[in-house]
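Engineer: Each chain, written out:
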Amino acid sequence: MLDEDANVDEFSGQEPPTSVPISQPESELGQTRMEVAYGAGDGDDDAKAIVARKASMGVLYEQIYRPWDGELGPRWVRNYAIFRHHVYGIFSGKGHRHYNPFVRLSILIIFLTSLTPIAMIFLSVTISGGEGSDWLNRMWGVNRYNLWGQVLGYFPRNLCMWPLLTALVVGGMISDDRKNGTSAIYFSRPVTRTDYTAMKYLSSAVVLGFVIVFSYMLYYTSAIVFNGEGWAYLIDTLPIFLGGLLAGILLVITYTSIGMALSSVSQSRFFAAIGFLAIIFGTKVVALMIELIFDTTIFYILSPYDSLAHVGQWLVGIPANYEHSLALSIISIIIYNAASIGLLLTRVRSLEVTRE
Amino acid sequence: MSTKATPAVLLEKCSKWYGQVIGINDISLAIDGGVTGILGPNGAGKSTLFKLLMGRLKPSSGNVRLFGVDPWVSTSPYRRVGYVAETEKLYDWMTGHDFVSTLARLHGMTREEASERASHVLDFVGLGDVENKEIGKYSKGMRQRIKIAHALVHDPDLIILDEPLHGCDPIARTSIMSVIRDLGSQGKTVLVSSHILDEIERITEQIVILHNGRLLALGNLHAIRDLLDKHPHRILIRTENPRKLAEYFVTEDPVYGVRFAGEEALEVLTNDLSAAHNVLPRVIVDSGLKVTSIENPDDNLEALLRYLVGGAS
Amino acid sequence: MDKQGRGLAETVWTRLDRKAGAITELTIRQLRHRLSTWVVLAVGTLLLMSLLAMFIAGVRGGWEPIDNDGDSHDWDQDGYPAGQEFKYGSDPYDGFSFPGSGFFVQEGSFEWGSVGLYSGNHTWRYATGIFTYTWLDDSQIGGEEIIEVGSLKSCPEGELFEDFWIDWGDGCRMDVNRIAVHEASFVGNGTFRVQEGFYAEWGHFEDTFYVEPEPASNYIDEDDIDWTGDPNGINGFDDDGDCLRIGWPEDTEPDFWWGWDARHQPDRNGNGIPCDVAWISDSSGNIIQINPDDNVDEDPSEESLAYEDAHRAFIIGTGKIAFVMILGIFLPLFLSLGLVRDETENGTLHYLLSKPIHRGEFITYRILGYLIISGGFVLIMSLLMGLVTASLGPGDSIFRLNDMILWFGIAFATILALAAYGAIFNTLGLLSSRYGVYIALVIGVYEFVMAVLTLGGATLIPVLSVSHWTLQLIDSIVLIVWPNTIEMHLIATAFDLPSGIRAFWNPPVHTLGTDNPFISGLISVVVLLLITTMMILFGQAQFKRREIM
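Heads up: the sequence lines are chains P, W and X, in that order. With the first letter of the first sequence counted as 1, position 195 gets the number 194 in numbering that gives the first Met the number 0; the numbers rise by one all the way through. With the first letter of the second sequence counted as 1, position 229 gets the number 228 in numbering that gives the first Met the number 0; the numbers rise by one all the way through. With the first letter of the third sequence counted as 1, position 238 gets the number 237 in numbering that gives the first Met the number 0; the numbers rise by one all the way through.
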């Protein structure tokens, strides 16, 4: 809750009421008391002065409320403040939402691992020529499969890192507020609940997007720069790249939706985090098991990851791993998002401002 | 087993510091029998003291003994100890009776014994009529009393209450105080902490004063005050002509000064309260002035602490 | 010591027992009062129910007989299944070659790469070029690479292979009496101009006669496994005759290298007996290897084997994936992380610890309480799964008792995993309230990945995980309950049958090289219990030294 306190200065919509003592200044009062307490001085010489202060028994303050009548910043400025508060926290804990050092470390590690292909491409350029370079380029160079793989494939990344990242980043977004009652900080200011939710959503999506989508774009651009590719190459690969980009954005949106919905359900960030992992992993392996035993891929529509992978395969134009129709996967993604956002909005609407 | 020779609570040169912060500083203390008030402002080390006694913390140096046993090593003395923690949280989903009887079973009672004892204790603290309500629906005073009830359920010889009156309304306060006094009159050793001195004053005369982790004073309230007689005291005398009366006082030996507290009041400053009181009747008679009241504004715990704290800090 | 005259031992033990009961009960009630517990258990139930629903639907729907050797297909679409074509020696990939089609007598061909014209009334084969005709046989319908004259589309404008392209074995109409073809066959009278760099040949069929096409079902499940039960006897019989090939026509020309039986070896296992199956057993009579000759027992009835295989695969798969990997990992994450940690955070720990109970005991009883809830759930679920699979499964008996035993084994393994994870996560929560939970999350993911690797057959790396030993234990229990699973697995591998067991149960792993499932099972149990005990002891040691604020 400490980390949320830092918000106060950011939403100075109203100034706090000021109070002005009617009678004498406080400092003298304090001095008087102190002298009485310690019996300072010899007594007689300053006795008169002390006795004269009748008001020392108590002070009444006249309460003057000066309403702040300045221009309220536009809505987007207020919203941007919320957004900024959550995103900057990754870099600096001071005055921004506190991210656990472990979460920051995980984000860093996951981001760096998702940049490995860039290092490989760089390596292939530096040792240019020869079989090693060729092999490196084949393995990590830009092609349909690698562009898809960068966001949706590569075993440890798609199945472990992205879900773990989402669980760590999104888990506490709303549940912390519910637990500590810090949502009051927002709701007692000119911020609507929808804005609050939208900004939290957006900030988590940006953090995830930074790792998932930004690393993807970095990968593509560095491949072009390192290899010194020309316009023809760009024209050839750009549609594939855009397809992968769209797939990555879809992934970020879907994961954020599910994670935020879980976060809004619970008071514990870990319930949300574990719940998210359970949904992603559980549906995936159960669908896999059903495919192996009953020889049908239809259960993969229950798995958000596989629906995204299916759509992603279509977007970058590689053959699908799934037998069921693409439309089902698209519908599955839409339903997951709609249900999650619906749940999120209802939960936030019913969020009590008092500490629950 | 219960040897009368060992005091219920014994601390020997006990210190506890948290990194750079000192919680308890070289305290030696033995308490046995009766109600003892542990006084001190927030952060004085009252809770640290209790946590040391309850084996929650390990003393950084020195020894802690509860009935002669080190509580950090062994939980056996807890059979004879009831502890009311500072924490406000309770299992809100339990009924009062459930809560007390479940904890009673941790003393090794059977389900039936525990249930019977729980009802008994809940009656004692005045929660008999709400024992089947969920704790979540209890008021603050009731929550404090259920905490006391769980500590009493095994009929302990030593009861430690950490801020039992905290946040209670006057009615709850009075009833909790009477419970504590009852316990004291039953011959149990009771430790009560508070930072509100008025509360302790109404419960007990035996006090321990802590400040900044140091033991400031220990013993009977009045005895301590007598020890403090050498400290500056004020005697407030209301009279029609304070200036005249002052002339008589300044010549007296125990009095080192006078002040005029308003039109009809005189403050006599002394370093030796009993001596001053000895000369007081004579001086008044000598002056022939009409005195309406004589007050000792420093003769209560607040003033006491202020002097002690002032001296110590 | 005791005023009521009870013995010391009795008092101490009964009291200990009461404390244990109280803390365990408190833990259970606490978990029961948390909504999340119910949500988690409900989701778990839903998961298992949906699996059961799939199972029941699978049983009710029955199994389509599977054509394991693929000879019921009519690849060249000439109306005869491949198996029948093999018998008559015709080419199953050639629409002009079918039982009764006779022999093709080649009259001539263009040389590869030459350009030329040839006229006449012929059967044209493998032709690429342009055919200008006076007559074209439009009765040839169906068959791979045979032009369907009636449904030819018009060619686009331009030159063949320069301005447009046609599919392999297809053609298009260029004019009223002119067609372009690409590697296609047809019958007609006219002039053929071969495309440069391509080929065509022409001739006619002799000795044609009519053969009634057999239904495809004749070639499904037509060669069952014949196993006498004695590895030294003569096993395996070529029921459909496609290995022995008695009465089949001699192959006049060698098969193409890509032909279906180009590498057909009637005595592949080299035991001197053509078309049999060598079942090799070890000294104790267990089958350890099966070497069939080609095309023997290659299309067994699904009734006997595949049903059982799928049934077992379902139980093993559900046990490993749903029970161990999902319930086993996520129940502890949800339920055990906060066993002591939450109490510390809330401050309610003070009530419990001010009682004469040792902190170490406290941890143990908390875990016990959690185990009763989670383990009870797992037990009930496995019982339910067992009742359904045992009564609906294949076989003659009304109730498959062995299923039930295996389900209890799965529940047992899962509960061991629950205990181990519970101890690990609880200890992590104790160690650091700030990082412990994050580390627990990472460990959960790690365990999941290790389980996936174990399923995939990895044996080395996953040894450092709880999930590996739990899955290993299930492998052993499967072998104890169904000793012939290993045989089924060998059969499925030897005869190349579709097998679900292979996906979830990897024979090299299941006995840890001891050849005795009891020993390997025991080792797994010991390892799991050791992990649990070590973690609890570690947690206790930590907790004992912990100062509680």
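Among the hints, erroneous ones may be present.
Keeping only pairs whose Cα atoms sit at most 25 Å apart, straight-line, the calculated SDA-like set for lysine to any residue is [claimed, not checked]:
id: 1; chain 1: W; residue 1: K57; chain 2: X; residue 2: F537
id: 2; chain 1: X; residue 1: K86; chain 2: X; residue 2: D174
id: 3; chain 1: P; residue 1: K178; chain 2: X; residue 2: I27
id: 4; chain 1: W; residue 1: K88; chain 2: X; residue 2: F537
id: 5; chain 1: P; residue 1: K178; chain 2: W; residue 2: E263
id: 6; chain 1: W; residue 1: K88; chain 2: P; residue 2: P66
id: 7; chain 1: W; residue 1: K139; chain 2: X; residue 2: D225
id: 8; chain 1: P; residue 1: K178; chain 2: X; residue 2: T513
Bear in mind the hints are in silico, worked out from the structure with no lab data behind them.
Engineer: Of the numbered hints stated earlier in the document, which are not met by this structure?
Structural biologist: Violated: hints 2, 4, 5, 6, 7, 8.
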